[in-house]
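Protein chains in written order, with the numbering used here: chain V, 1 to 134; chain U, 1 to 134; chain H, 1 to 134; chain C, 1 to 134.
In case anyone wonders, no lab produced these hints; they're calculated from the structure.
Everything numeric in this text was worked out from a predicted model, so none of it was measured.
In silico lysine-lysine, PhoX-like type, Cα no more than 25 Å apart, as pairs:
hint	chain 1	residue 1	chain 2	residue 2
1	H	K84	H	K121
2	V	K67	U	K84
3	H	K61	C	K61
Number of protein chains: 4
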Amino acid sequence: MPLAEHSISIRVRYPEVDGMGYLHHSRYLQYFEMGRVELLRHLGHRYADLEARGILFVVIKAEIRYKSPARYDEELRLTTRLVKATHVRFDHEYILSRETTILAEGSTSIACVDRVGQLQKIPDDLIPPSPPTR
Amino acid sequence: MPLAEHSISIRVRYPEVDGMGYLHHSRYLQYFEMGRVELLRHLGHRYADLEARGILFVVIKAEIRYKSPARYDEELRLTTRLVKATHVRFDHEYILSRETTILAEGSTSIACVDRVGQLQKIPDDLIPPSPPTR
Amino acid sequence: MPLAEHSISIRVRYPEVDGMGYLHHSRYLQYFEMGRVELLRHLGHRYADLEARGILFVVIKAEIRYKSPARYDEELRLTTRLVKATHVRFDHEYILSRETTILAEGSTSIACVDRVGQLQKIPDDLIPPSPPTR
Amino acid sequence: MPLAEHSISIRVRYPEVDGMGYLHHSRYLQYFEMGRVELLRHLGHRYADLEARGILFVVIKAEIRYKSPARYDEELRLTTRLVKATHVRFDHEYILSRETTILAEGSTSIACVDRVGQLQKIPDDLIPPSPPTR
Numbered sequence: 001m002p003l004a005e006h007s008i009s010i011r012v013r014y015p016e017v018d019g020m021g022y023l024h025h026s027r028y029l030q031y032f033e034m035g036r037v038e039l040l041r042h043l044g045h046r047y048a049d050l051e052a053r054g055i056l057f058v059v060i061k062a063e064i065r066y067k068s069p070a071r072y073d074e075e076l077r078l079t080t081r082l083v084k085a086t087h088v089r090f091d092h093e094y095i096l097s098r099e100t101t102i103l104a105e106g107s108t109s110i111a112c113v114d115r116v117g118q119l120q121k122i123p124d125d126l127i128p129p130s131p132p133t134r
Numbered sequence: 001m002p003l004a005e006h007s008i009s010i011r012v013r014y015p016e017v018d019g020m021g022y023l024h025h026s027r028y029l030q031y032f033e034m035g036r037v038e039l040l041r042h043l044g045h046r047y048a049d050l051e052a053r054g055i056l057f058v059v060i061k062a063e064i065r066y067k068s069p070a071r072y073d074e075e076l077r078l079t080t081r082l083v084k085a086t087h088v089r090f091d092h093e094y095i096l097s098r099e100t101t102i103l104a105e106g107s108t109s110i111a112c113v114d115r116v117g118q119l120q121k122i123p124d125d126l127i128p129p130s131p132p133t134r
Numbered sequence: 001m002p003l004a005e006h007s008i009s010i011r012v013r014y015p016e017v018d019g020m021g022y023l024h025h026s027r028y029l030q031y032f033e034m035g036r037v038e039l040l041r042h043l044g045h046r047y048a049d050l051e052a053r054g055i056l057f058v059v060i061k062a063e064i065r066y067k068s069p070a071r072y073d074e075e076l077r078l079t080t081r082l083v084k085a086t087h088v089r090f091d092h093e094y095i096l097s098r099e100t101t102i103l104a105e106g107s108t109s110i111a112c113v114d115r116v117g118q119l120q121k122i123p124d125d126l127i128p129p130s131p132p133t134r
Numbered sequence: 001m002p003l004a005e006h007s008i009s010i011r012v013r014y015p016e017v018d019g020m021g022y023l024h025h026s027r028y029l030q031y032f033e034m035g036r037v038e039l040l041r042h043l044g045h046r047y048a049d050l051e052a053r054g055i056l057f058v059v060i061k062a063e064i065r066y067k068s069p070a071r072y073d074e075e076l077r078l079t080t081r082l083v084k085a086t087h088v089r090f091d092h093e094y095i096l097s098r099e100t101t102i103l104a105e106g107s108t109s110i111a112c113v114d115r116v117g118q119l120q121k122i123p124d125d126l127i128p129p130s131p132p133t134r
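Using the sequences and the accompanying hints, generate a full structural model.
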């Protein structure tokens, strides 16, 4: 059960497709980043405001499994889930789909750094409460 | 022991860095792709020629571990290793470094498709001979 | 008086900003392209469908005047105007703004080509009727 | 007669080409930027060092005329000329070619700003001496 979840729609742009006409495989990480930003906004935080407070995030690990290509102008759906949140790391999972077809699945780990790139504790107000367990 | 290995140098371009001044984490996959292309060229094949023959490759899996950021205008070294080659899949591993510092490590699996994206057997002439074992 | 006009909103994505935190100046051409595609859609045509019919467009000229920077996560407004349409060329003009501030103005000329890049006549159904003059 | 001139070679990367297999038209501005950076380096300055001194440049105007497409993996030659240098603006011209074929010509004007984007005078040591006239 994710700590938080949010879905957005993304339309594939022309300069994002490659010579085969497919969304370039590097772009998925950019979509995942958009998913994280919008999940954060959904939780009441603007990433640009965090940056202004000296709270930045860097990706320390990413993994993508590509299942089916996406093409120019297609409207895709990206679901982003926060699956783990500690004071040193957030883990997210992603599902990119077109209607009922899953195009890719992925996961990332991000860590919090200050303006000069030093690791810092993730502020309390950014950590969603754990769902009740019993 | 890799089946094949090749290193290239890459200078970080300005539009590749993000608002933190770091090489954007999605760009590493583009660098890895450059590494594969140059490894292939080193083995005597031009990817553009393969495309003209209807032999294309798609990434089916990618994984990156980011260790230290890269910045604009830095000269990096990327070592690409072909670690597994079958008639359905090539697996590569990557090490991106700046002098003696490892910035990132990664791995990908690629599969061979035809012009309409259907999986096809990887042609024999693209598969390097296995190193002798004993 | 433009032959056709359409406005869209675009949110600046993180990998689109540079090390200064500004939308990279090359990205404006990508936004203009999105403006053209959406203007075309507004006129009842999907660019992907045109491509499938062998009707492609290439940019032959572009010009941009940058007035004020755009930053990450800002919501911008792009107005695209078709100002000239002949059987060999479409000329568009663009205004990119954030609320009441004009960030950039630009213009492009595009020409119609077939799949191998040869110039061809722009099909009649793509040319909007001229506005009445008197 | 340019105040300074420098040529570099650039190999077209796969994620830089679009669905037609052509170098995307927005990429030319990124190539021009690489040309300016390398011209500057040729004149003894590193752009990253200037940034560290609070000397940054923003593009205020750009113009490109596309003549012939570039494709993936082609080795191009970019010649960058500084054609005008004042204390408020540098004007450059560019020629992108493949062997003897000119692919594109362009021009840009850049202005000097400080870290918060305010216009500032271009430092004397960055302005090449005018060529002798008679």
